[in-house]
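Listed here are the chains, written in short residue letters.
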Amino acid sequence: MTDHPLAAADDDPVPIRRGRALAPSRDGRPWTFYVLATLFTLYVIALYGPMVCIYILSFQDVRGGLVFPMRGTSLHWFVDLFTQVRTGDVKGAFSRSIRLAVVVTIITVVISFMSGLAFRKRFAGDSVVFYLMIGSLVAPGLVLGIGVGLICNVLGIETSWYTTALGAQLSWTLPFGVLVMFAVMSRLNNAWEEAARDLGASAWQTTFLVIIPILAPGLVAVALFGFTLSYDEFTRTLLTAGSLNTLPLEIWSMTLNVTSPSLYALGTVTTLISFVIIGVCLGTIARIQKRRAAGPAAH
Amino acid sequence: MESKAKGGRGSVGWLLILPLVLILVPFFIVPIIGVVAASFVQSDGFGGIIPSFTLDNYKGVFTSGLTYQLYWATLKFSVFAWFFSLLIGFWIAYFLVFHVRNPLLALGLFLICTVPFWTSNIIRMISWIPLLGKEGLINSALIETHVIDQPLDVLLFSSLAVVIAYVHQLTIFMIVPIFNSMARIDKRTIEAARDAGASRFEIVRFIALGSIFVVSIVMGDFFVVKVMSGGGSASVVGAFYEDIGVLQYPTAAASATILTIIVLLLVVAILRTVDIRKELTR
Chain L
1 MTDHPLAAAD DDPVPIRRGR ALAPSRDGRP WTFYVLATLF TLYVIALYGP MVCIYILSFQ
61 DVRGGLVFPM RGTSLHWFVD LFTQVRTGDV KGAFSRSIRL AVVVTIITVV ISFMSGLAFR
121 KRFAGDSVVF YLMIGSLVAP GLVLGIGVGL ICNVLGIETS WYTTALGAQL SWTLPFGVLV
181 MFAVMSRLNN AWEEAARDLG ASAWQTTFLV IIPILAPGLV AVALFGFTLS YDEFTRTLLT
241 AGSLNTLPLE IWSMTLNVTS PSLYALGTVT TLISFVIIGV CLGTIARIQK RRAAGPAAH
Chain D
300 MESKAKGGRG SVGWLLILPL VLILVPFFIV PIIGVVAASF VQSDGFGGII PSFTLDNYKG
360 VFTSGLTYQL YWATLKFSVF AWFFSLLIGF WIAYFLVFHV RNPLLALGLF LICTVPFWTS
420 NIIRMISWIP LLGKEGLINS ALIETHVIDQ PLDVLLFSSL AVVIAYVHQL TIFMIVPIFN
480 SMARIDKRTI EAARDAGASR FEIVRFIALG SIFVVSIVMG DFFVVKVMSG GGSASVVGAF
540 YEDIGVLQYP TAAASATILT IIVLLLVVAI LRTVDIRKEL TR
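If you're matching them up, the sequences are chains L and D in order. Under this note's numbering, the letters of the first sequence match residues 1 to 299, in that order. Under this note's numbering, the letters of the second sequence match residues 300 to 581, in that order.
Fair warning: there could be bad hints in the mix.
[Unchecked claim] To spell it out: a stretch of chain D is covered by chain L in this simulated footprint if at least three of its residues, at any positions, have a beta carbon under 8 angstroms from a beta carbon of chain L; those stretches are:
hint: 1; stretch: 317-331
hint: 2; stretch: 363-373
hint: 3; stretch: 405-414
hint: 4; stretch: 533-547
The hints are simulated quantities; they were obtained by calculation from the structure and are not laboratory data. We treat Cβ as the ideally placed atom computed from N, Cα and C, and that holds for glycine.
My request is simple: use the sequences and hints to build the entire structure.
Given below as structure tokens:
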């Protein structure tokens, strides 16, 4: 049963189509191109279409409901979101989530980088640490949350968003960060380091003047993962954040209680923040690559 | 000299890995041990626990017919989510690598697929409501074009809606590894590689990596099932979250322990098909 789709992916049509795709006739694309281009287009529509719907619906006026058609246009639900008591402490949740995400990002980048360096060579117990990391990645988030809650209860520690929730989020962002580091470091050529060492650079100099600049785009990518995974983290935070909500917890309670476009307005605002972060990170990576392509003088 | 250098490098490795271990021990190992320990104690019925060893919590879980229903439902969702995310993810990655000729365009289209992954899952889930609802876009469109007279109830607050939300969130976990492994294949040597069966085998190993994410996320989920099924379906995690709500910690802990063991076994089974670490660090 579980083998079936793998077997399907291995089926004969694949190489045949691939053969055609690779050797297209001179006067055009193979028919599979049009089929797959249609699939891709539909996928992108399904990916963004629903999100775009709630952005549009969040700009209705006071008569607005949860479905189309649009009833008027205004910023009513955005004002409502930040001023009404029944929607909770959205402002506070925003500020907590952003501060938490910044701290998680910094810790994730530093520790993932160090772990990535460590995993390049074998050390005693490396497999144990690796499987611990995979375990932390796949363990059900709520189970870890229950565990943290129980342990804190026994030890008499109070849970809060900046202590226990911070740790719980790191148990999720760090394995991700290290996996991204693996992908980044597999492209790191040892010759650069050896050259630096041959020229008399110390281990610190090699790390800070050679490895980090070379890996800079990858480190930005780790930061992007760290920030966004923390900013949107829900299951591990739910039972570990204590009495004050982070933003995803606020969104969750609104999902269950609020049936007005305020919920959509919150979705629009939080996604806008995510898009800004994604844009800044991808833009930084692109700028670094461009500067590199410009040649050694600019580098 | 040689061995001394090696020993030195080993301890540097440990210094570098120490911070990771210092996070994983208190926030992964200790909580898991805590949950397992709590599953063997008695509840006093008022939210407290009586510290005496008992297997009653497990007996309760294994003798309840509800448990098997929950696992059956969760397993079904996992298989559907896995199958459709693999099917769609494979062909999207295939299209980007082998059909888009301009590599910069391929990278741009790839990024278009990944951007939603970096936004809120809950928001992406509720954004299906204006589309799938009784008065949603799809129903109104179908009624206006006289395909149906009555709105379809099955679109929202149903198992179908749960699977749609999962596939919407998880296909990216298939696209990224498959895209990566396909992009590594030298297009000119495909013919030769096909004879050896090599390139296709490598893709299967990366599919295994994506499957780990999809299966473990669906097995650990409760909010997608809760919202998108409209209360019609339950999940394993959802059930013990309710137990926590009524302060039945030992019962919840027993369920949580069993679920964790099952998820870990599934992951080990997938890992056995491929040496993921070797694959990633190569």
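Verification of the supplied hints:
1. Restraint check on the stretch 317-331 of chain D versus chain L: 12 residues with Cβ-Cβ distances below 8 angstroms, three needed, restraint holds.
2. Three residues within the 8 angstroms Cβ limit are the bar, and the stretch 363-373 of chain D against chain L gives 0, so the coverage statement is violated.
3. Three residues within the 8 angstroms Cβ limit are the bar, and the stretch 405-414 of chain D against chain L gives 5, so the coverage statement holds.
4. With 4 residues carrying a beta carbon less than 8 angstroms from a beta carbon of chain L, the stretch 533-547 of chain D meets the three-residue requirement, and the given coverage holds.
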